[in-house]
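Since chain X is already given, all that's left is putting chain R on it; use the hints.
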Amino acid sequence: MAEKKKLTVAEMLAAARAGDGGGAADKTAGDAPAAGTPPAAEGASSTPPKPAAPAASGEPIKPATAPGGGRMSVADMLAAARTAKAPGAAPAGEKTASEKAAPAPKPKPAAAAAKPAEPAAPAEPRDTASILGAARKSEKAGPMSKAEAAAKPAAAPPKPTIVVPPMPLKPAYAKPKVVVAKSADEADRRDFAGAMLAVGFLMVAGISGIWTLLTVKFMFPNVLREPPSKFKVGFPDAFPGGQVQEKFKAQFGIWVVNAEYNGQQQIVALKSVCTHLGCTPNWLEAEQKFKCPCHGSGFYKDGINFEGPAPRPLERYAIRLADDGQIEVDKSRTFQEEMGAWTDPGSFIPV
Amino acid sequence: MTHGLTDAQFLNTVASFLGPYYIVLALMNGIAALYLWRTGTAKTWFSIRTGDQTFPFTSAIIWLLVAFVFIIMSPLAWSGNGAWMPSMPEAIREAVNRSTGPVVYSVGTVVLLSILFVFRRFFVNPTVAWVIWNLMLLFLGLSMTDRDFYEIVAKPDNVPIVMLVLLLAYFTWLATYRAVINDDRIARGEAPLEALDNEKVLVWPDLVYTELICMIALTAFLIFWAIALPAPLEEPASSVKTPNPSKAPWYFLGLQEMLVYFDPWMAGVVLPSLIVVGLMAIPYIDFNKSGNGYYTINQRKFAYIIFQFGFLVMWITLIVLGTLLRGPNWNFFGPYEFWDAHKVEALDNVNLSQIFWERFLDRPMPMAPSGSPFAVQAGYILLRESLGIILTLGYFIALPPLMALTVFRKYYQRMGLIRFMLMANLMLFMASLPIKMVLRWVFNLKYIIAIPEWFLNF
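Protein chains in written order, with my numbering: chain X, 1 to 351; chain R, 1001 to 1458.
Same shape as in the complex, but just chain X (with noise of 0.2 Å):
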């Protein structure tokens, strides 16, 4: 299809609409008509349809011009008013290449025909603005109010039947080879790209397992800055009876505590953790009490709870008198007076 370089502008629009783009003037004659029909059909369905008469012509497009009273597309426009003035100006040549090449914007015209562009003179001279121009003056621009949409005739638009293009026959170059067999050289080319798959695919995987371990190791800390679990905090006569030791809370995070607890004297190593949410309370000399400065939760002398929402008791810490006869604390037993652990021996130091 040498004659293809000769395109008018019309033409060229028109393919650019058409879905396939610039291959539709390339298609056989057969199957250009219905490429071409899409801008139209698009065109045609952006606004809903005045009573435009149909298109008197029995050709394969008609359903889509036939609804073509609202706005043009352009190659509409472009093709309606140059076949009103081709007979003179275009030349003859190139007409017949353009119908030759791409029958689509042909029949165009003949609905265009029945439009309000038709009154204009065909001997006048008219550029493409003008034309586009013309065409769009019933419709005006910018964004519409609802008080303006609502006032148009909201008739919904007819679809527009599409018809489909029969698929072309696949040229020889595109049809699938029959399968030659094998050469030997074939065989261990693809033997080779299996392997490197395989090489590729474990070394992903070792890469991302070795990921995994330093991920794994590094939630362990190399250093663990953690004071001793056991240490020993002095002799049981420097906790007088009544005395809350707060100078383990900064450290250890204990208070040592000399109360009596089920009528009986006891030393014991009470955790400085709220058991609502886990703040740290604070000894209120004053007012005999540890107060939790979150939510309030207040624990008298010996532990237990007894304001605020905390629910249990402090928690003690095991405890026991050691060979030299200091109080030894471990920090990795607790004991908690709801499981019944404050009765165990080892959570207290009798006085």
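Some hints could be false.
Only pairs whose alpha carbons sit at most 20 Å apart, straight line, appear in this in silico SDA-like list of lysine to any residue [as the list claims (entries may be wrong)]:
#1 R:1241 x X:253
#2 R:1247 x X:278
#3 R:1155 x R:1324
#4 X:289 x R:1162
#5 R:1241 x X:206
#6 X:289 x R:1345
#7 R:1247 x R:1382
#8 R:1343 x X:300
#9 X:331 x X:244
#10 X:249 x R:1238
#11 R:1343 x X:287
#12 X:289 x R:1349
#13 X:271 x R:1124
None of these hints come from the bench; they were simulated from the model.
Same frame as chain X, but now just chain R:
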């Protein structure tokens, strides 16, 4: 913030804020007067006759007079002299301090909001709203000279909360105002205001320009804020020392307040998740199609009340309570009260099982003999907490059908079983917080179900 300042120094600090503050208030009222006068919307309340001339005494003149009062107050406040500065009378401050507490605050807020809602037709009146607005700002200005009030209000952390209260008051008024107008229009059979306003808006330039201006203004405001109120830096964190009081970020203070009444897993996990899930479920639960795209209250009374209760009462007022009125040891402090870390508020909280067994039945709580197997222990625990378990299950299982049969009959018919049950349970969960608060205040009740052995408390 004002630690280490003498009273005179403190008053000087406040004065440098209050002087401009009253000028702004004067300008605000002056502009209002100018607006009323220029638009000719000023109402003539009465006319003064002098001879053959009549002098109309309009609302514009009233607001101009108010502006004059503020203009006079400004230099007085700027003087920094305690005798001259306009301030809240000591007697009122004392009375406010003595009368406030968690109960008065929470119940008072609910009552106040209910009054505002019921008489909304009166309160949305622009004149009334303007009076209230002026009073709010005046209250803030007068209270600023109190050192304890200034401490909590002017703390950089708390400034957003003060702004939030004012902003929320304004926007709630705006929405209610439009809703009242719309309700009147709908009652007359007219279209709501928003339906009239359907003029086209161009993205460019109308919207984009507006957005650009807002963006620049907001950036300028944030820069100003960052310079004027530096972020508070505290001492290095320590795992064994918790600041007193220890407060969550302001937007979580409602949750922190909730934690005072519930177990952590309940107030920290279950209820927050339910808030999110419940908000997401609203479109599927809501069957009322009206009120789409316009303000209205009458057409969606149920939805409006439930939402405003959840938002204004359970979220905003708890944030305000947590930010401004909770002090050391999470005790309640009045707005003019010194934050004393040793304020004694003895609260002996008890569990429902204790009340039931020890006070009501007068016998020791059932306790498994030590060393008994797990099943026996579990049986004793369940027996101990049986009343609480029955009450809780009854609340969540028996109440929804009862609601469907009585109060919410129509809702049940419109919504069907699943949607109704969802709505009812979400509502009951929301109601559980105020119920729990009231029980705590009235009976010192700690937990209805208390099984610390299994970390299960409700």
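Each hint tested on the structure:
no.	hint	result
1	R:1241 x X:253	holds (9 Å)
2	R:1247 x X:278	holds (14 Å)
3	R:1155 x R:1324	holds (10 Å)
4	X:289 x R:1162	violated (34 Å)
5	R:1241 x X:206	violated (46 Å)
6	X:289 x R:1345	holds (12 Å)
7	R:1247 x R:1382	violated (36 Å)
8	R:1343 x X:300	holds (16 Å)
9	X:331 x X:244	holds (18 Å)
10	X:249 x R:1238	holds (11 Å)
11	R:1343 x X:287	holds (9 Å)
12	X:289 x R:1349	holds (14 Å)
13	X:271 x R:1124	violated (56 Å)
Hints 4, 5, 7 and 13 from the list above are not met by this structure, while the remaining hints are.
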